[in-house]
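Enquirer: Sequence:
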Amino acid sequence: MAEHVIAQSGPHGGTGGLVGRSAELALVDALFAEAATRSAALFLTGAAGVGKSALLNVAARRAEQRGFRVVRAAGAQFDQHVGFAGLNQILLPLAAELASLPARQARTLQVILGLSAGEPEELAAVAYAVRGLLFRISTASSPLALVIDDYARLDRPSAAVLDTVACQAGTGRVALLAASRRDEVFLPDMGTQVHEVRPLDAKSAMKLVAERFPAMTSMVRRRLLAEAKGNPLALLELPVSLSLAQQTQRRSLPTVLPLTERLRTAFSERVRALPDATRKLLLLTVLDDTGDLHLLSRTGDARRTLTELSPAERAGLVRVDARTGRLFFRHPLTRSAIMELSTSAERRWAHRTLADVLPEGSERRALHLARATVGPDDQVAALLHEAAYTTLRRGDAVGAVSALLRASELSSSGTARGRRLAEAACLSANVTGDLRNVRALLDDAAAVDPLGVTSPAAAAAAAGELLNWDGDADGAYRVLVGAITDHAPGGPADDIMLREALHTLLMVCSFSGRPELWQSFDTILARFRPHAPDPLLLVLRGALGDPAHAALPVLPRLDELISGLHRQTDPTRIVRTAACAAYVDRLPGCRSALLRVVEDGRGGGAVASAMPALLLLADDAYARGRWDDVAELTDEALHWCASHDYRLQAWPGRLLQGLLAAARGDDEVARSIADRLASWSNPRGLGALRVYSSHIKALSALGRGDFESAYRHVTSVSPASRPAPHVPHALWLIWDFTEAATRTGHHAEAAAHLAAVRDAGIPSISPRLAMITEAATALADPYVVDRDLFDKAIATPGAEHWPFDLARIRLGYGERLRRAQASVEARPHLEAALSTFERLGAAPWSARAAGELRASGQAAPFTPVAGAEAPLTPQEWQTAQLAATGLTNKQIAARLFLSHRTVAAHLRSAFRKLDIASRGGLRDALTGLDQLPVDSPERRAV
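By the working numbering, the letter at position 715 of the sequence shown is numbered 715, and the numbering carries on one by one without gaps.
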C-alpha cells in the first residue's frame, strides 16, 4: 500500500513519518520496549486501506533502529491451503540458525522448509521447534521482531504455530507484530493485545492530501476527503484516477468517485504496464506466497530474476529486501490485479514451474501439481489425497475437504473418485459444518462407485446427516454398525474414516441413552483391542458414556489430554476432549482451547466443531455462575445450528436455556422448552433429550416448592437404588434428588441413593461432586443437623467457583438450622445464600432464602415469600426503583453489574406483576409499596 508518509523523524521519536498515527506508534514502541526483555505481541486490525501495512513498514524500521533482528511475512488468499507457506517466510531467513537446535527439532524444521526429505511432524512438534528456534535466537544475540501482514490469510498451520508464539508472553525476547483486516477474524481469544487502527481524522487526512498533492485545490480536497472518509489508501490512490485538470478544478469531477472500482483500476493499470517477463515473475511470486527469491531463482537464472523485478519496484508495486532475500507486495490488491490479468494457461504454467522446484512428497508440491493439471491424473490425485490428510492432521479440515474434492476430480476410476467424495462428505458432515452438501456428495459418490456406499466414510457421512438433520438415531446406528462390522483394514485414510465412524456411533449411543446400544458399541470396540483406532474413544466411553460408573479409570488419561490442549490444533480433538470433561467438572481446563475452536468457526473453519464448543463454554458458564454469558453463548450456538441445519446439536443449547429459565423462576419458558424437548425426543428414541426435559422440570418444581413433582421428575431420570447407568445427567441431579426426596418424606430412598453414589466412587471424581455428596448426605438425615458434614462441604476448596450449588447448600443448611431452633446460627448461611441468589437473578431461591431469613427473626430486603402471587424479586425491585428515577437500561446495567438484556427482562417482569404498561407508571406503583411495612400482607402479596 502507498504509505501515508510525509517526513521521516528521529530514530526513536516522532511519528516515523506517518500522518495521524502517534497513538499507534506509541503502542509499537511500547511493544518493542517490552520485548527487549520479555516476549510480547500486538495485533493491529482495521478496515482495508486504513494504513496497517504502512504502520508495519515504519514499525519494522523502528525495530531495526532499536537493535532488533526483523523478519517479515505476509498472508495471501491464494495459498491459505498450502501448509506452512507462511511459516516458510519466517523460517527461511533463519535457516542458518537451525544447526543450533537439538537434532530432532532441527530436522522437524528442515522438513517443513523442504531442506530435508521426510514426513512432517505433528503440528505440536512443529510449534515446539519453532518456539525453540525463535527464543534461542532472541536470547543468544539480539531480540527478534516478527512483523506479519494479512495475518488472517496465513495458512492455518502457520497461524496455529504463531498463535502459540503469541501465547508464550514472557519467554525469550520476541516481538510479534501482526495486522489483518477488521472484517476477517484472525485471532483466538488468548489475552493478546489487539488495537483497531481507525481512519484518519479530518485534520490528519487534510494534511496528508495537501502534502502529497500540493496542486490540488481546496474544494477538490474536501470532495476527496468526503469520499475517502479518512481511509489513507483511498486518499492516496483516488487522485491517481484524476487528471491534473480535474485536481486543479479546470475540469469537473465525476458525479461519483467509486472507491473500490477506482482502486482496482489503478492497480490493474500499473500491473498491465509491466513487461511480460516481470508479470510472469510476479505471478510466480503470488502463487508461491513465500516471497522467497531463492525459490524464484530456481525457476530460472538468479541474476535475470532480480533484473526482471526492477520494473515492478520502480512502479512501487513491490519491495525487495536484499538482506533477507525476500520480495514484498506493497498492497494485497496488487496480488489480485496480477491474478485477474493472468490467463488460465499462464497460471497452470506457474503452478507447474513451482511444483518442479519443490521437494518430492511435499504438500505444497502436490497442491501446485493439482492446480496445474487439466483432466484426470491418478498420480497427482494420489499425491493430493495424501496431502489432504496431512492437512487434516494439522487441524485444517476445510483445507482437507478442498483437497479431497480436487483429488476426486483428478481421479480416473469411479472407485477412487467415489471414495474421495465419500471422505469429503464425512468431514463436511462431522467437522466443517457443510451438512447441506453431504447428500449431494454421497449421491455423486454412489453414482460413480455403488459399492462404496458401505464404507466407513460414507456411513459416517450418512449417519451424521441422519442424526444431525432429523435426530434419526436408529437409522444412523444401522448404517454405522453395518459399515464398521464389514470394514477391512486399509491405509491411513481408511483408519481416519473408521475413527470418524466410531466417534459418530458413540454420539448416537450418547443421545439415545439406551443400554443395548452401548453394549453393541462395547462389542464393536472390543474387536480392535488392544489397539483402539483412537484412544480418545475409551476416554469418551467412560467420562461421557457412563461417568457415574466408568469415569474414574479414565480420569488420569483425561487429565493428560486436557493438560495438552494448549498444543492441540485439531478442533475435533479439542471438542471431543472437552466433551469428556463436561460431566466430571474439568471444563475450565478446556476453556482457552474451546475459544480457539469458536474463533476458527467464526472465521469460516470447522463450524461443526465450533457449535458444540460454544455449548461446552456455556455449560462451564452456567456452573460457574456467569449466567449472562450463558444466554449469549447459547444464542450464538443456536443461530449457527439453525443456519447450518444441525437440529440435534441445538437441543443441548435449549437445555441450558431451560435450566436458566427454571433457576430464574420463568416457569412458562422453562416448561415450554421442556415440553419441546420431550415431544421431539419421544418419537425418535432420544433418551438424552427426555433426561434434559426432566432436569428442567425438576429444577423448576424445586424453585416453586412443588417437591412432589420434583421427586417424580428426578426419579424418572435415575432410580433411588443407584445413579442410572449411561445417564451422565445423574451426576448433575444428586442434590436435586436428595432435596426432593427429603421434602416428600422419602428418606429411605434418599439414603439409598446417596449410599449408591458413595459406593460408585462419585465423590472422588471432582471436588464439586464431593461437596454436593457430603452436603446431600447431611440434608438426608431427618433426625439431626450434621453440622460437620455441612461445614465440610461449604469449606471445600474452590467451592465459590460453583455459586449456585454452594448457595443451595447454604440455603438447605440454614433451613435445617432454623427448624432446629438454631436461628442465630442459620442467619449467616441464609444471608450468603440470598446474596448469591440475588446476584444470579435466581428469583425462586431468593424468595425462599428471604423467607427463611425473616422466619429466623432477621429483617430481609423486600422479597415476598415463596408461593406468593406474582412475587417481585429483589433484583426486579432494585431495577424498577432505578428505572423510576429516569435511568436508561444501559445505565442501570452499569450500576448493577448486569447485562442490559437482563435489566430489560427484570423490567418486563416488574411491569407485568405491577400491572403497568410502561416506566411512567413505576413511580406511583413503587411509592405505594414503599408506604407499606416490610412484613405487611399487602406488600408480601405484590
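It is possible that some hints are incorrect.
Here are the simulated DSSO-like cross-link-like pairs (lysine-lysine), alpha carbons at most 27 Å apart as the crow flies [claimed, not checked]:
| hint | residue 1 | residue 2 |
| --- | --- | --- |
| 1 | Lys229 | Lys207 |
| 2 | Lys229 | Lys203 |
| 3 | Lys913 | Lys890 |
The set of hints was computed from the structure by calculation and includes no laboratory data. Quick caveat: nothing in here was measured; it's all calculated off a predicted structure.
Enquirer: Look at each hint and say if it fits the structure.
Expert: Checked hints:
{"no.": "1", "hint": "Lys229 with Lys207", "result": "14 Å, holds"}
{"no.": "2", "hint": "Lys229 with Lys203", "result": "12 Å, holds"}
{"no.": "3", "hint": "Lys913 with Lys890", "result": "22 Å, holds"}
Hint compliance for this structure: no hint is broken.
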